[in-house]
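Participant: Sequences and hints are given; from them, build the entire structure.
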Amino acid sequence: MKFSKTNYQFILTMAALMSLTALTIDAILPAMGLIRSKFEVNAKSGHWIITCVFFGLSLGQVFFGPLADSIGRKKVAYVGIAIFAFGNLISFLASEYIILLIGRFLQGLGAAAPRVVSQAMIRDTTSGTEMAKLMSFVMTVFIMVPVLAPLLGQIIIWIAPWNFIFIALILYSFFILSWLAFSQPETLSSPRAFNFETIFRGFSEVFQNKVTLCFMVSTGIIFGGLVSFLNMAQPLFQETYKVGDRFSFYFAGIAALIGCSSLINARIIEKISLQVVITYALIWVWVWSAIFLLILRFYGSLDLTNFLIFSILAFGTYGFLFSNINTLALMPMGHIAGTAAAVIGTCSNILAVLIGVCATYFFVGSPTSLISVFFFGATFNILILIILKQFKI
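Heads up: the sequence shown begins at -4 in the numbering used here, then just goes up one per residue.
In short, the hints are calculated from the structure, not lab data. Possibly wrong hints are sitting among the right ones.
What the hints assert, rightly or not - The calculated label-pair distances, taken between Cβ atoms and stated as ranges, are: (1) Thr120 <-> Tyr356: 38 to 48 Å; (2) Cys353 <-> Ile290: 42 to 52 Å; (3) Asn190 <-> Ala77: 16 to 26 Å.
These figures come from a predicted structure and were not determined experimentally. Glycine is no exception: its CB is placed at the ideal position from the N, C-alpha and C atoms.
Facilitator: Structure, rendered in C-alpha coordinates:
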(Lines of atoms letter the chains of each structure in order from A and count residues from 1; the text may use other names and numbers.)
(Lines give C-alpha, C1' and ligand atoms only; values in the text may rest on other atoms or scores of the structure.)
Protein backbone atom coordinates (compact mmCIF):
# COMPACT_ATOMS: atom_id res chain seq x y z
CA MET A 1 0.00 0.00 0.00
CA LYS A 2 1.65 3.19 -1.19
CA PHE A 3 0.51 6.57 0.03
CA SER A 4 0.18 9.75 -2.03
CA LYS A 5 0.21 13.30 -0.73
CA THR A 6 -3.57 13.03 -0.33
CA ASN A 7 -3.17 9.85 1.74
CA TYR A 8 -0.71 11.51 4.09
CA GLN A 9 -3.06 14.47 4.51
CA PHE A 10 -5.87 12.03 5.34
CA ILE A 11 -3.65 10.27 7.91
CA LEU A 12 -2.79 13.57 9.59
CA THR A 13 -6.44 14.63 9.63
CA MET A 14 -7.63 11.36 11.17
CA ALA A 15 -4.83 11.48 13.76
CA ALA A 16 -5.77 15.07 14.63
CA LEU A 17 -9.41 14.10 15.15
CA MET A 18 -8.43 11.17 17.39
CA SER A 19 -6.00 13.33 19.32
CA LEU A 20 -8.62 15.42 21.15
CA THR A 21 -9.33 12.59 23.59
CA ALA A 22 -5.66 11.84 24.23
CA LEU A 23 -4.78 15.51 24.63
CA THR A 24 -7.54 16.28 27.12
CA ILE A 25 -6.48 13.28 29.24
CA ASP A 26 -2.69 13.45 29.00
CA ALA A 27 -2.12 17.21 29.11
CA ILE A 28 -3.73 17.39 32.54
CA LEU A 29 -1.62 14.61 34.11
CA PRO A 30 1.26 16.85 35.30
CA ALA A 31 -1.33 19.04 37.05
CA MET A 32 -3.08 16.20 38.90
CA GLY A 33 -1.21 16.84 42.13
CA LEU A 34 -1.99 20.58 41.99
CA ILE A 35 -5.65 19.91 41.25
CA ARG A 36 -5.98 17.44 44.12
CA SER A 37 -4.31 19.94 46.41
CA LYS A 38 -6.57 22.82 45.32
CA PHE A 39 -9.79 20.85 45.71
CA GLU A 40 -8.52 18.80 48.69
CA VAL A 41 -9.10 15.33 47.26
CA ASN A 42 -6.94 12.21 47.67
CA ALA A 43 -5.39 10.02 44.96
CA LYS A 44 -8.30 7.55 44.93
CA SER A 45 -10.81 10.38 44.38
CA GLY A 46 -8.48 12.20 42.01
CA HIS A 47 -8.91 9.52 39.35
CA TRP A 48 -12.35 10.99 38.51
CA ILE A 49 -10.51 13.76 36.66
CA ILE A 50 -9.65 11.07 34.10
CA THR A 51 -12.64 8.74 34.55
CA CYS A 52 -15.23 11.47 33.85
CA VAL A 53 -13.67 12.03 30.43
CA PHE A 54 -14.12 8.34 29.60
CA PHE A 55 -17.73 8.35 30.81
CA GLY A 56 -18.46 11.30 28.53
CA LEU A 57 -16.64 9.57 25.70
CA SER A 58 -18.70 6.40 26.18
CA LEU A 59 -22.05 8.19 26.23
CA GLY A 60 -21.17 10.48 23.33
CA GLN A 61 -20.27 7.66 20.98
CA VAL A 62 -23.74 6.08 21.32
CA PHE A 63 -25.30 9.31 20.03
CA PHE A 64 -22.70 10.60 17.59
CA GLY A 65 -22.09 7.30 15.80
CA PRO A 66 -25.60 6.86 14.39
CA LEU A 67 -25.83 10.62 13.79
CA ALA A 68 -22.63 10.44 11.71
CA ASP A 69 -24.27 7.70 9.59
CA SER A 70 -27.25 10.02 9.07
CA ILE A 71 -26.19 13.66 8.57
CA GLY A 72 -22.55 13.14 7.60
CA ARG A 73 -19.18 12.74 9.29
CA LYS A 74 -18.03 16.36 9.21
CA LYS A 75 -21.17 17.97 10.65
CA VAL A 76 -21.06 15.61 13.62
CA ALA A 77 -17.40 16.45 14.21
CA TYR A 78 -18.24 20.18 14.26
CA VAL A 79 -20.93 19.66 16.94
CA GLY A 80 -18.61 17.54 19.06
CA ILE A 81 -15.73 20.00 18.90
CA ALA A 82 -18.06 22.83 20.01
CA ILE A 83 -19.19 20.77 23.04
CA PHE A 84 -15.56 19.92 23.77
CA ALA A 85 -14.57 23.62 23.79
CA PHE A 86 -17.51 24.48 26.08
CA GLY A 87 -16.50 21.76 28.53
CA ASN A 88 -12.97 23.15 28.67
CA LEU A 89 -14.34 26.62 29.40
CA ILE A 90 -16.35 25.22 32.35
CA SER A 91 -13.27 23.45 33.73
CA PHE A 92 -11.19 26.61 33.33
CA LEU A 93 -13.68 28.63 35.39
CA ALA A 94 -14.44 25.88 37.95
CA SER A 95 -14.22 26.86 41.62
CA GLU A 96 -15.47 23.51 42.95
CA TYR A 97 -14.34 19.97 42.21
CA ILE A 98 -17.77 18.84 41.01
CA ILE A 99 -17.88 21.71 38.46
CA LEU A 100 -14.44 20.70 37.21
CA LEU A 101 -15.68 17.13 36.76
CA ILE A 102 -18.79 18.29 34.86
CA GLY A 103 -16.49 20.16 32.49
CA ARG A 104 -14.33 17.06 32.10
CA PHE A 105 -17.42 14.97 31.32
CA LEU A 106 -18.42 17.45 28.59
CA GLN A 107 -14.89 17.32 27.20
CA GLY A 108 -15.20 13.56 26.83
CA LEU A 109 -18.73 13.88 25.42
CA GLY A 110 -17.53 16.32 22.76
CA ALA A 111 -14.34 14.41 21.95
CA ALA A 112 -16.47 11.33 21.21
CA ALA A 113 -17.66 12.89 17.95
CA PRO A 114 -14.29 13.36 16.20
CA ARG A 115 -13.17 9.96 17.52
CA VAL A 116 -16.16 8.14 15.99
CA VAL A 117 -15.92 10.24 12.82
CA SER A 118 -12.26 9.36 12.30
CA GLN A 119 -12.92 5.62 12.66
CA ALA A 120 -15.95 5.82 10.35
CA MET A 121 -14.01 7.79 7.70
CA ILE A 122 -11.23 5.19 7.75
CA ARG A 123 -13.82 2.42 7.39
CA ASP A 124 -15.54 4.39 4.58
CA THR A 125 -12.37 4.45 2.51
CA THR A 126 -10.57 1.15 3.34
CA SER A 127 -11.14 -2.39 4.56
CA GLY A 128 -9.25 -5.51 5.68
CA THR A 129 -5.46 -5.45 5.82
CA GLU A 130 -5.39 -2.07 4.07
CA MET A 131 -7.59 -0.67 6.84
CA ALA A 132 -5.35 -2.16 9.54
CA LYS A 133 -2.25 -0.70 7.92
CA LEU A 134 -3.83 2.74 7.54
CA MET A 135 -5.01 2.56 11.16
CA SER A 136 -1.46 1.73 12.25
CA PHE A 137 -0.07 4.75 10.41
CA VAL A 138 -2.79 6.94 11.94
CA MET A 139 -1.98 5.55 15.39
CA THR A 140 1.73 6.21 14.82
CA VAL A 141 1.04 9.89 14.12
CA PHE A 142 -1.65 10.04 16.81
CA ILE A 143 0.66 8.66 19.49
CA MET A 144 2.80 11.80 19.24
CA VAL A 145 0.00 13.53 21.16
CA PRO A 146 0.41 11.42 24.35
CA VAL A 147 4.16 11.90 23.94
CA LEU A 148 3.93 15.68 23.73
CA ALA A 149 0.76 16.39 25.75
CA PRO A 150 2.26 15.94 29.26
CA LEU A 151 5.23 18.08 28.20
CA LEU A 152 2.81 20.76 27.00
CA GLY A 153 0.92 20.56 30.29
CA GLN A 154 4.16 20.82 32.26
CA ILE A 155 5.31 23.87 30.26
CA ILE A 156 1.96 25.59 30.86
CA ILE A 157 2.25 24.89 34.60
CA TRP A 158 5.73 26.45 34.62
CA ILE A 159 4.53 29.72 33.03
CA ALA A 160 0.86 30.01 34.06
CA PRO A 161 -1.77 28.59 36.46
CA TRP A 162 -2.66 24.94 35.79
CA ASN A 163 -6.17 25.74 34.55
CA PHE A 164 -4.71 27.48 31.49
CA ILE A 165 -4.24 23.97 30.13
CA PHE A 166 -7.95 24.13 29.29
CA ILE A 167 -7.43 27.33 27.29
CA ALA A 168 -4.75 25.55 25.27
CA LEU A 169 -7.21 22.73 24.59
CA ILE A 170 -9.84 25.20 23.36
CA LEU A 171 -7.36 26.76 20.93
CA TYR A 172 -6.29 23.33 19.66
CA SER A 173 -9.91 22.26 19.11
CA PHE A 174 -10.58 25.36 16.99
CA PHE A 175 -7.47 24.57 14.94
CA ILE A 176 -8.74 21.03 14.27
CA LEU A 177 -12.19 22.33 13.34
CA SER A 178 -10.69 24.70 10.77
CA TRP A 179 -8.39 22.00 9.37
CA LEU A 180 -11.25 19.53 8.97
CA ALA A 181 -13.51 22.11 7.34
CA PHE A 182 -11.04 23.07 4.62
CA SER A 183 -8.93 19.94 4.01
CA GLN A 184 -11.17 16.86 4.25
CA PRO A 185 -14.14 16.06 1.96
CA GLU A 186 -17.19 14.21 3.29
CA THR A 187 -16.90 10.40 3.02
CA LEU A 188 -20.46 9.29 3.81
CA SER A 189 -22.03 8.03 0.56
CA SER A 190 -25.24 6.35 1.79
CA PRO A 191 -26.94 8.20 4.67
CA ARG A 192 -29.16 6.20 7.04
CA ALA A 193 -32.16 7.55 8.93
CA PHE A 194 -31.38 8.64 12.47
CA ASN A 195 -33.69 7.39 15.19
CA PHE A 196 -33.50 5.35 18.37
CA GLU A 197 -34.40 2.26 16.40
CA THR A 198 -31.14 2.76 14.47
CA ILE A 199 -29.18 2.82 17.72
CA PHE A 200 -30.90 -0.31 19.08
CA ARG A 201 -30.43 -2.07 15.75
CA GLY A 202 -26.73 -1.15 15.79
CA PHE A 203 -26.33 -2.62 19.27
CA SER A 204 -28.25 -5.70 18.17
CA GLU A 205 -26.05 -6.27 15.10
CA VAL A 206 -22.83 -5.84 17.08
CA PHE A 207 -23.93 -8.17 19.88
CA GLN A 208 -25.27 -10.79 17.48
CA ASN A 209 -22.02 -10.93 15.51
CA LYS A 210 -19.81 -13.21 17.61
CA VAL A 211 -16.55 -12.02 16.02
CA THR A 212 -17.31 -8.35 16.62
CA LEU A 213 -18.58 -9.07 20.14
CA CYS A 214 -15.46 -11.03 21.12
CA PHE A 215 -13.05 -8.44 19.76
CA MET A 216 -15.08 -5.61 21.32
CA VAL A 217 -14.61 -7.25 24.74
CA SER A 218 -10.94 -7.79 23.90
CA THR A 219 -10.57 -4.10 23.03
CA GLY A 220 -12.12 -3.10 26.36
CA ILE A 221 -9.79 -5.36 28.33
CA ILE A 222 -6.69 -4.06 26.54
CA PHE A 223 -7.86 -0.47 26.94
CA GLY A 224 -8.51 -1.17 30.63
CA GLY A 225 -4.77 -1.60 31.15
CA LEU A 226 -4.14 1.82 29.65
CA VAL A 227 -6.93 3.48 31.69
CA SER A 228 -5.48 1.90 34.84
CA PHE A 229 -2.07 3.31 33.98
CA LEU A 230 -3.50 6.79 33.30
CA ASN A 231 -5.28 6.76 36.67
CA MET A 232 -2.14 5.67 38.56
CA ALA A 233 0.66 7.30 36.55
CA GLN A 234 0.91 10.61 38.40
CA PRO A 235 0.77 9.27 42.00
CA LEU A 236 2.96 6.31 41.06
CA PHE A 237 5.73 8.34 39.45
CA GLN A 238 5.58 11.51 41.54
CA GLU A 239 4.57 10.16 44.94
CA THR A 240 5.95 6.61 45.00
CA TYR A 241 9.05 7.06 42.86
CA LYS A 242 9.58 10.81 43.62
CA VAL A 243 10.51 11.80 40.05
CA GLY A 244 9.02 15.32 40.33
CA ASP A 245 8.79 17.26 37.05
CA ARG A 246 10.56 14.42 35.23
CA PHE A 247 7.22 12.58 35.25
CA SER A 248 6.28 14.17 31.91
CA PHE A 249 9.41 12.77 30.28
CA TYR A 250 8.88 9.25 31.65
CA PHE A 251 5.27 9.32 30.46
CA ALA A 252 6.32 10.60 27.05
CA GLY A 253 8.84 7.78 26.71
CA ILE A 254 6.23 5.13 27.50
CA ALA A 255 3.80 6.69 25.00
CA ALA A 256 6.53 6.74 22.35
CA LEU A 257 6.89 2.97 22.73
CA ILE A 258 3.29 2.52 21.59
CA GLY A 259 3.98 4.74 18.58
CA CYS A 260 7.08 2.76 17.62
CA SER A 261 5.25 -0.57 17.87
CA SER A 262 2.36 0.85 15.79
CA LEU A 263 4.81 1.80 13.06
CA ILE A 264 6.40 -1.67 13.12
CA ASN A 265 2.92 -3.20 13.07
CA ALA A 266 2.05 -1.30 9.89
CA ARG A 267 5.07 -2.91 8.21
CA ILE A 268 4.50 -6.51 9.25
CA ILE A 269 0.74 -7.07 8.94
CA GLU A 270 1.00 -7.35 5.14
CA LYS A 271 3.08 -10.52 5.68
CA ILE A 272 1.61 -11.88 8.94
CA SER A 273 -2.09 -12.23 9.74
CA LEU A 274 -3.64 -9.93 12.33
CA GLN A 275 -4.60 -12.87 14.56
CA VAL A 276 -1.02 -14.18 14.67
CA VAL A 277 0.40 -10.74 15.54
CA ILE A 278 -2.20 -10.30 18.30
CA THR A 279 -1.54 -13.80 19.71
CA TYR A 280 2.22 -13.33 20.02
CA ALA A 281 1.77 -9.86 21.55
CA LEU A 282 -0.64 -11.21 24.18
CA ILE A 283 1.63 -14.13 25.08
CA TRP A 284 4.51 -11.64 25.48
CA VAL A 285 2.46 -9.47 27.86
CA TRP A 286 1.26 -12.51 29.81
CA VAL A 287 4.76 -13.92 30.34
CA TRP A 288 6.36 -10.68 31.50
CA SER A 289 3.40 -9.70 33.69
CA ALA A 290 3.63 -13.09 35.40
CA ILE A 291 7.39 -12.66 35.94
CA PHE A 292 7.01 -9.22 37.50
CA LEU A 293 4.11 -10.34 39.69
CA LEU A 294 6.37 -13.10 41.02
CA ILE A 295 9.09 -10.51 41.69
CA LEU A 296 6.58 -8.42 43.62
CA ARG A 297 5.42 -11.51 45.49
CA PHE A 298 8.90 -12.42 46.69
CA TYR A 299 10.51 -8.97 47.07
CA GLY A 300 7.46 -6.89 48.01
CA SER A 301 8.19 -3.92 45.74
CA LEU A 302 9.65 -2.72 42.44
CA ASP A 303 12.13 0.12 42.21
CA LEU A 304 11.81 2.73 39.45
CA THR A 305 14.26 0.97 37.12
CA ASN A 306 12.41 -2.34 37.25
CA PHE A 307 9.05 -0.64 36.80
CA LEU A 308 10.37 1.13 33.71
CA ILE A 309 11.62 -2.22 32.37
CA PHE A 310 8.14 -3.68 32.83
CA SER A 311 6.58 -0.63 31.14
CA ILE A 312 8.89 -1.03 28.14
CA LEU A 313 8.07 -4.73 27.83
CA ALA A 314 4.30 -4.28 28.29
CA PHE A 315 3.50 -1.02 26.50
CA GLY A 316 5.86 -1.92 23.68
CA THR A 317 3.21 -4.43 22.54
CA TYR A 318 0.23 -2.08 22.55
CA GLY A 319 0.85 -0.93 18.98
CA PHE A 320 0.37 -4.56 17.91
CA LEU A 321 -2.92 -4.82 19.81
CA PHE A 322 -4.99 -1.62 19.62
CA SER A 323 -5.35 -1.09 15.87
CA ASN A 324 -5.40 -4.79 14.96
CA ILE A 325 -8.10 -5.81 17.45
CA ASN A 326 -10.19 -2.75 16.60
CA THR A 327 -9.87 -3.58 12.89
CA LEU A 328 -11.04 -7.16 13.46
CA ALA A 329 -14.01 -5.87 15.47
CA LEU A 330 -15.07 -3.43 12.73
CA MET A 331 -14.46 -5.61 9.67
CA PRO A 332 -17.89 -7.35 9.67
CA MET A 333 -19.65 -3.99 10.26
CA GLY A 334 -18.84 -2.04 7.08
CA HIS A 335 -22.51 -1.38 6.28
CA ILE A 336 -22.98 0.51 9.60
CA ALA A 337 -19.43 1.76 10.17
CA GLY A 338 -20.35 4.84 12.21
CA THR A 339 -22.92 3.10 14.39
CA ALA A 340 -20.68 0.07 14.89
CA ALA A 341 -17.69 2.24 15.81
CA ALA A 342 -19.93 3.99 18.35
CA VAL A 343 -21.27 0.78 19.90
CA ILE A 344 -17.83 -0.85 20.02
CA GLY A 345 -16.26 2.32 21.43
CA THR A 346 -19.00 2.79 24.03
CA CYS A 347 -18.99 -0.79 25.32
CA SER A 348 -15.21 -1.17 25.28
CA ASN A 349 -14.78 2.19 27.03
CA ILE A 350 -17.26 1.28 29.77
CA LEU A 351 -15.47 -2.02 30.33
CA ALA A 352 -12.10 -0.24 30.36
CA VAL A 353 -13.32 2.39 32.84
CA LEU A 354 -14.67 -0.30 35.17
CA ILE A 355 -11.33 -2.11 35.03
CA GLY A 356 -9.50 1.17 35.65
CA VAL A 357 -11.71 2.13 38.61
CA CYS A 358 -11.27 -1.31 40.21
CA ALA A 359 -7.50 -1.25 39.70
CA THR A 360 -7.27 2.26 41.16
CA TYR A 361 -9.35 1.21 44.17
CA PHE A 362 -6.70 -1.38 45.04
CA PHE A 363 -3.82 1.02 44.36
CA VAL A 364 -1.75 1.55 47.54
CA GLY A 365 1.37 3.16 46.07
CA SER A 366 2.67 -0.03 44.46
CA PRO A 367 2.40 -1.09 40.78
CA THR A 368 0.95 -4.47 41.83
CA SER A 369 -2.64 -3.70 40.82
CA LEU A 370 -1.48 -2.25 37.48
CA ILE A 371 0.62 -5.28 36.57
CA SER A 372 -2.23 -7.55 37.68
CA VAL A 373 -4.52 -5.83 35.17
CA PHE A 374 -2.02 -6.61 32.41
CA PHE A 375 -1.69 -10.23 33.52
CA PHE A 376 -5.40 -11.00 33.81
CA GLY A 377 -6.17 -8.92 30.70
CA ALA A 378 -3.71 -10.95 28.62
CA THR A 379 -5.11 -14.17 30.11
CA PHE A 380 -8.72 -13.37 29.19
CA ASN A 381 -7.75 -12.18 25.71
CA ILE A 382 -5.79 -15.36 25.01
CA LEU A 383 -8.87 -17.35 26.10
CA ILE A 384 -11.01 -15.28 23.69
CA LEU A 385 -8.69 -16.14 20.80
CA ILE A 386 -8.75 -19.83 21.77
CA ILE A 387 -12.56 -19.82 21.86
CA LEU A 388 -12.78 -18.14 18.45
CA LYS A 389 -10.40 -20.69 16.95
CA GLN A 390 -11.85 -23.71 18.75
CA PHE A 391 -15.38 -23.03 17.57
CA LYS A 392 -14.20 -21.66 14.19
CA ILE A 393 -16.10 -18.44 14.69
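Participant: Does each hint hold? Answer for all of them.
Facilitator: Going down the list of hints, with the structure as the test:
no.: 1; hint: Thr120 <-> Tyr356: 38 to 48 Å; verdict: holds, 42 Å
no.: 2; hint: Cys353 <-> Ile290: 42 to 52 Å; verdict: violated, 23 Å
no.: 3; hint: Asn190 <-> Ala77: 16 to 26 Å; verdict: holds, 23 Å
When held up to the earlier numbered hints, the structure conflicts with hint 2 and nothing else.
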